[in-house]
Amino acid sequence: AQSVTQLDSHVSVSEGTPVLLRCNYSSSYSPSLFWYVQHPNKGLQLLLKYTSAATLVKGINGFEAEFKKSETSFHLTKPSAHMSDAAEYFCVVSSGSSNTGKLIFGQGTTLQVKP
Amino acid sequence: DAGVIQSPRHEVTEMGQEVTLRCKPISGHNSLFWYRQTMMRGLELLIYFNNNVPIDDSGMPEDRFSAKMPNASFSTLKIQPSEPRDSAVYFCASSSTSGRRNEQFFGPGTRLTVL
Numbered sequence: 001a002q003s004v005t006q007l008d009s010h011v012s013v014s015e016g017t018p019v020l021l022r023c024n025y026s027s028s029y030s031p032s033l034f035w036y037v038q039h040p041n042k043g044l045q046l047l048l049k050y051t052s053a054a055t056l057v058k059g060i061n062g063f064e065a066e067f068k069k070s071e072t073s074f075h076l077t078k079p080s081a082h083m084s085d086a087a088e089y090f091c092v093v094s095s096g097s098s099n100t101g102k103l104i105f106g107q108g109t110t111l112q113v114k115p
Numbered sequence: 001d002a003g004v005i006q007s008p009r010h011e012v013t014e015m016g017q018e019v020t021l022r023c024k025p026i027s028g029h030n031s032l033f034w035y036r037q038t039m040m041r042g043l044e045l046l047i048y049f050n051n052n053v054p055i056d057d058s059g060m061p062e063d064r065f066s067a068k069m070p071n072a073s074f075s076t077l078k079i080q081p082s083e084p085r086d087s088a089v090y091f092c093a094s095s096s097t098s099g100r101r102n103e104q105f106f107g108p109g110t111r112l113t114v115l
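Protein sequence lines, in the order shown, are assigned to chains A and B.
So in my numbering, the last spot in the first sequence is 115, and the numbers never skip.
So in my numbering, the last spot in the second sequence is 115, and the numbers never skip.
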């Protein structure tokens, strides 16, 4: 079975400092992995995705994530936080080999950015 | 493309009333998902369709909830009768499973308040 664990429910950083949001996954096969962002009172937006190509994935707004199979991790990073990055972030894994598009969502990490 | 369209954006109703939420997926997408988001439970998958057929409705909370997808461009989620604990934001998402990339595109959500 596939699952995803976001290791921090809440992360607080100062503006201009690096961001690290941690995610570990469990999958019995080579997964597709995603990070979504949700700003307050908005829908979810795709930040980036890994689908078995390059292990370092670049997304929108300066975010990156690195797929590490040996550590079963897919941590999200950004070199310098901006106030507009304050939001809820979800790590997501594809559900299985069946081609139905179902995704498994983590519980989310709230990113707070202090001025 | 207009993206996933949901209506209404906000719904306030009284306990016992029937509520119908609507979703138009992105044209060409063959999978559609209904989610519910609350502070207590986070993001929950209620049901999903593939090629208009319900694949997994195990997330539907109880018989008061029902969902239909009469054609590839329209789906409804109905709650009858509604209860205050149904108050949440309901999201619809769609994806194309060709190539198994499985990225889901989310609508803006319907904020439901049951008094």
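None of these hints come from the bench; they were simulated from the model.
Watch out, some of these pointers could steer you wrong.
[As the list claims (entries may be wrong)] One side of the interface only, derived from the structure: several residues of chain A facing chain B at Cβ under 8 Å: (1) 39; (2) 43; (3) 49; (4) 101; (5) 102.
[Said to hold, decoys possible] Selected chain A positions facing chain B (Cβ under 7 Å, derived; list incomplete): (6) 28; (7) 32; (8) 46; (9) 48; (10) 105; (11) 108.
This structure is a prediction, so every number in the text was calculated from the model and none was measured.
Note that CB positions come from ideal geometry on N, CA and C, so glycine has one too.
Hint by hint, here is what the structure shows:
| no. | hint | result |
| --- | --- | --- |
| 1 | 39 | violated, 11 Å |
| 2 | 43 | holds, 4 Å |
| 3 | 49 | holds, 6 Å |
| 4 | 101 | holds, 4 Å |
| 5 | 102 | holds, 6 Å |
| 6 | 28 | violated, 16 Å |
| 7 | 32 | holds, 6 Å |
| 8 | 46 | holds, 6 Å |
| 9 | 48 | violated, 10 Å |
| 10 | 105 | holds, 5 Å |
| 11 | 108 | holds, 6 Å |
Hint compliance for this structure: hints 1, 6, 9 are broken, all remaining hints hold.
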